[in-house]
Amino acid sequence: MTPQPKSPSSISIAISGSGGAGVMTAGDMLLEAAALAGCYGLMSRTSGPQIRGGEAAALLRLAREPIECHGDSFDILMAIDWVNTERFAAEIPLDAQSLMIGDPAQGSAPAEFANLGARPLALPMKVLAKKIPHGRANMVALGYIASLVGLPATAIAEAIRRSLGANGDAVTASLAAAEAGRAAAQGVDCPHRLAPGGNDRDKRWLITGNEAAGYGALKGGIRFVAAYPITPATEILEWMAPALTDVGGVLVQAEDELASINMAIGASYGGTPALTATSGPGLSLMIEALGLAISAEVPIVVVDVMRSGPSTGIPTKSEQSDLNIALYGPHGDTPHVVVAPNSVADCLMTTQWAVHLAETMQVPTLVLSDQSFGQTRMVIDRPADFAFAGQRKIANGDAQSYRRYALTESGISPMAIPGMPGLMHTADGLEHSERGTPSSQAKDHLAQLDKRKRKLDAADYGRHWAEVEGDDEGDVAIVTWGSCTAPAREALAQARADGVRAKLISLRLLSPAQPRRLDKLLAGVKRVLVVEQTHSGQFHRYLRAEYSLPGQVRALYRPGPLPLRPSEIHRELVQWSGS
Amino acid sequence: MSVSAEALPAAKDFKSDAKPVWCPGCGDYSVLTSLTRAFAQLALRPENVAVVSGIGCSSRLPAYTNCYGFHGVHGRALAVATGLKVARPDLTVVAAGGDGDGYSIGGNHFLHACRRNVDLTYVVMDNHVYGMTKGQASPTTEPDWDNALAPGGTGVRPFNPLVIALASGANFVARAFSGDVVGTADIIAKAIASPGFSFVEVLSPCITFRPEQRGWKESVRPSPVATTDDPARAARRIMTDDGFNIGVLYHGNRKPYQPPIGQKRKTLSEIEQGFAL
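First to last, the sequence lines map onto chains A and B. 454 is the number that our numbering gives to position 454 of the first sequence; each next residue is one higher, with no gaps. 139 is the number that our numbering gives to position 139 of the second sequence; each next residue is one higher, with no gaps.
Okay, chain B solo, but in the shape it has when bound (with noise of 0.2 Å):
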């Protein structure tokens, strides 16, 4: 084994020892894995990658890892991870979260995040659940859906987060099953790959909450077509599926924003010539 080889981090170097919250049989295990397999697999190093998260079960995950992690406020990850990716261009950044906090409270972020094109990798473990608060219904939970806060189901349709990326300008946009670890770290690796703005929707079961979910396994199929680069193929693909189609489903060659930064052009003193009389 040649030295370069023993030098590169396994999966397992991108996990840290901390124990996770979150239940047995949460789907958020497996999407772990896959995001460490993923790192491995792209020959990174844990210095150079950042996690952000906002709040929520999923939103946990950076303390999992061994990487540079940021958890901070409900709904804010992609806000974090803009201004770290900008000022920091040399570090692969990702954002973790859960539906609730994306969709809902993040909701606008997502969009001006898709809109903006950093550089950036966004995973959103999709349970249709608040789960931390132990059972409420997020922007992705079917009408009907009965619980607590909504007696008999909230009535409100959900809302196709990969139209809303499509829509918004992200430039690769993907539909994953935590079920699949091999299948998904392969899809957050070409996710970290591409330049812009990645979005990975991964099916995530709660299996407290919405056991019923443990049939995703029989409803998730590969797509049936190939990746395409064309929005308007795209989007009719994703709006006429079934939500169980796994793949890339679009992935574009938008140019990423990254402004320049680290060109002095003037000094301090040169600067303050424009205030002088």
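One chain only, chain A, in its complex shape (with noise of 0.2 Å):
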């Protein structure tokens, strides 16, 4: 049976506040108790341009069900204080239902928030602060909100410990503080309250999109990684340097992404599984390099863990509009893979699966990712094990008259490793014969052309090439990617409710593309709505070049930062189907 979409009931808390207000660790406590009281969420992060302190927020959703993305408004704000928060009223909408939490002493909301209609509350979290030892306000916001939407004192008590650790005095002083915190919510009247979670905690985790896929890297067979920093792909590298360490692999730092993607082909041309992994601006670099990776054969991995773009963008915010650099970034005829995760549990699996892909096929594979994935953290259940054991095809020993780039039928010409006998011979970037000389040759070139595509048509890419929910039998299909899965899902599910019976299709293999089967899950359907985060329409504008899309098409695009709404994409749905 096709997975059934549910629309979660839940809550989504804003705490902000400037630096050193210590909202996020209070924002990570939250999350944390959250799920040690058994729930599921996520917290992503939002802050001013400054390096080290400056305003921030820590944006958290919790719920009983699962919850892959934020939802449409914010049930409650805690503003610490208001400093340059209206910086974040676009990032943090409020409405009539929800609760607006700040401390007198502080000052009143902006305008921005002030006039949305949202219930004051008044919290004086410096008074209460100042009653304890080293207590500190956020502490006291933390035990207010989580009595507000019904935490266990416990499960908070448990997160401040776990996270202060061996800091007695902290863990006193915090402990405190949330206590006074939570007294002070005694007789306040919250309409937004958590449903008790199960007790199958055990198998959870607390991962972000970008330590699950530097995991995947590792559960796929990666064992060297080239790293140019580079936000918001940093902390897969930062991640993976000391856990290659931990199973015998090995990090370099280059000096640039030229070097890093070079390196990375160097190493695996030497027979390691080799990745990295960057951004918009370090991705650009690398196309240089991915071209010479397709011609010369080399299977890599890069990870692009997207932000807002061209240029320098907007570093620390999401968007989906790479997605035409990965797709055609290299010059000439360039066959290769490209794969994208559809939550931040699935940036484990993907990037496995990028793995056996690249070292299979012996070609370079591109992960897109996205700031929203990467830096988001989420209690997610344990993620199943996939057996990707991606193994390249070695060239046999005692081959004679060896020919690195052979014609085979699938395209896959088995490699010879430095230091095997009597197989030496030159990768090359140039257009070469079977046996790797170059050849400026019509034949030559053609028949390497020919055979670096027929690798890529004749793999099997098995189911995972896209996920599919909803009525098997429906009018609409929504086709979206990546970080529009989430919200597509809950507008799916709440048309659903709403009669419309329709089904989402998320593809994970981008390219090559797989019309036969798309054509076969399209089959019927009156109605396609694409949705994507990019201001041109780019996943759009490739689904129209590859694929064809029966009945009438929509495309809802538009840019990052602000991710895209449930009830947005739930709104073209409607509006269509009445119209």
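One should not assume that every hint holds.
What the hints assert, rightly or not - Below 27 Å or equal to it, Euclidean Cα-Cα: the simulated DSS-like pairs (lysine-lysine) are:
{"#": "1", "chain 1": "A", "residue 1": "Lys-203", "chain 2": "B", "residue 2": "Lys-266"}
{"#": "2", "chain 1": "A", "residue 1": "Lys-453", "chain 2": "A", "residue 2": "Lys-520"}
{"#": "3", "chain 1": "B", "residue 1": "Lys-264", "chain 2": "A", "residue 2": "Lys-393"}
{"#": "4", "chain 1": "B", "residue 1": "Lys-217", "chain 2": "B", "residue 2": "Lys-15"}
{"#": "5", "chain 1": "B", "residue 1": "Lys-217", "chain 2": "B", "residue 2": "Lys-19"}
{"#": "6", "chain 1": "A", "residue 1": "Lys-443", "chain 2": "A", "residue 2": "Lys-393"}
{"#": "7", "chain 1": "B", "residue 1": "Lys-217", "chain 2": "B", "residue 2": "Lys-12"}
{"#": "8", "chain 1": "A", "residue 1": "Lys-453", "chain 2": "A", "residue 2": "Lys-393"}
{"#": "9", "chain 1": "B", "residue 1": "Lys-19", "chain 2": "A", "residue 2": "Lys-443"}
Hint data in this document are derived by calculation from the structure and do not stem from the laboratory.
Two chains, two separate frames, one set of hints: put the complex together.
Below you can see the structure in the form of structure tokens.
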């Protein structure tokens, strides 16, 4: 049976404040407390442009059911102070049902929030904190919110202890401050309560998309990483640096992205599965060597954690606008693989799968993650294990007259690894003959182009190419990818509750395109809604070029940095169905 | 003759049967011979040697060897070589290329390869010209050298790659001349044998676009002073010589960069415990 999307009942909470107010600490503890209480949830971070300090907000969503994206609006805004908070107004939508909590000692809410009709509540955080030795306002806020939404005091206490560990004084002060917050919340009427969670928390993880991608890479067999720091991909590299050492691999910091991808190519040529991770500006630099890896048939994995572009763009905020460069970046005719995770948890499986595809087909594989996955911490069920064990086809050591780029039926040619006697050859970015000798002959060029395309066309991508949910027989299909999947899923659940028969198709394999497989899924569909987070409809254009979409087609696209909200997609579905 | 002596490859065993694209009289033929002689001198085996290059006339060299070769993109040979050597420290890795590839488009990688000090040997065949694109000025070209892209010359002073290498931390810095096949082979063999990053600048004339470089054989001379391990002395010598002193000009004792690999301390299940609630 096709999985049925659900619209979760959830609570969205924003905690904001200026630098040093401790909003991220409070947010992390709140998420962990919810997790310990058996709930699911996520937390993303937003901040001003300062390297350290400056205004910041922790954006949380907590629920009894698994949850994978932010909702339409926030139920609770907790402002430890109001300094520059108006900068987050677009990211923290409030409505008449929202609670807006502030400290009277820190002034009043800016108009951007005050005019939204949210119910204001006063919490004298500073005063309460001062009564406790080393007490801090953020811990008062934490206790207050936890009490409002019905999280047990034991969960908050455990989260505080886990976070502060051996620092006994800080633990004592934080526990007392949180208790003061909890006491202050007594008698406050809050319509937003978290249903009690289950008790199978032992099977759950707290993980970010960047960590999940790093672990997926290790599970796929990556043992060499070349790194150049870039927001918002750096955490993949920082997580992998010690982890690689632990499993006998190595990470090298490169001088730039040109070097990092070429180092990965060198390591992979030597037989070690290799990866680099970057974001848009770095990917732009890597395109040159991506073409080299395609021509020389050297497997590598490049994880691109997308941020808003072009150029330096908005480094800390998400967008899906690297799709074009990922698909079409290199010059020449360049068959390669592009895959995209559809959730924080799926960053693990998709990256592991990418290693498998790269290694088996001797082709560079791009993983298009994004900032909203990479830097969001989420409570997830431990992901299932997948037995992707991408094995490179290695040349037979006894081969006479070895041909590195032999024209095989599958297009995959056995690869000799340095150290193997008798199979010496030169891997080349110049067009070459089967032996690898440079060639400008038309027949060699055509034969090698055909072969490099054939190996991707002939591959078996299995069931992982797309995720399909909703009604098998429906009039409407949403076609989307990446971080638009979760809001589309919630929109679909609402639309189905309205009586619309619809399905969701989220593509994990973006290239090579699978038109026959999508045709089957879209048979009988009368309306196709394409959803993506770009300004120019890159995904829609790609679908138009590679696929035949039946019936009426609409495209819902807009740029980052604001995430697509479930209600936007739902509105589009309902209005269209009613028209 | 003993069995082991029979098994040792000779210089010719390191050469492939591919016919070079180089012009008749190009210095790079001799560098290829010197390189293969050095491999034989060191009793290496072709399958354990990797030769990595970028783009340009001299960067065609890997395919003319019978070793594992990698002919990548313009300027990035040292990055490929670094990844290969760090992942496979058992291999002998040599990067080879020209002055345009290494000092211009690949300049940043040159600095950082010297600084990083991975156990590589970098052989640059310097002819002060872009040959493959038919005669433009490179970073080592004289400022008044007239050419189609810069009529009357670039007016830009050439840079001194040996000083740059020394200042950036290369552990072994030498200058050789392609016309001296035996001497160049000796220098390259010493460079390969030396741990860390070894830089060998080989003056290798381009008689097609720089016919006046035929005169280099009259200008070169063995360095009048012995190899030093003092970078300050080496810097003074290199900066004050006329560019034609041949020999190992600096040989330090920095520890090569080679992170440990292959030592498993944790299983994947142990690592994933870090995510568990």
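Results for each hint:
| no. | hint | verdict |
| --- | --- | --- |
| 1 | A/Lys-203 <-> B/Lys-266 | 21 Å, holds |
| 2 | A/Lys-453 <-> A/Lys-520 | 23 Å, holds |
| 3 | B/Lys-264 <-> A/Lys-393 | 25 Å, holds |
| 4 | B/Lys-217 <-> B/Lys-15 | 25 Å, holds |
| 5 | B/Lys-217 <-> B/Lys-19 | 26 Å, holds |
| 6 | A/Lys-443 <-> A/Lys-393 | 25 Å, holds |
| 7 | B/Lys-217 <-> B/Lys-12 | 25 Å, holds |
| 8 | A/Lys-453 <-> A/Lys-393 | 17 Å, holds |
| 9 | B/Lys-19 <-> A/Lys-443 | 20 Å, holds |
Violated hints are absent here; each numbered hint is respected by the structure.
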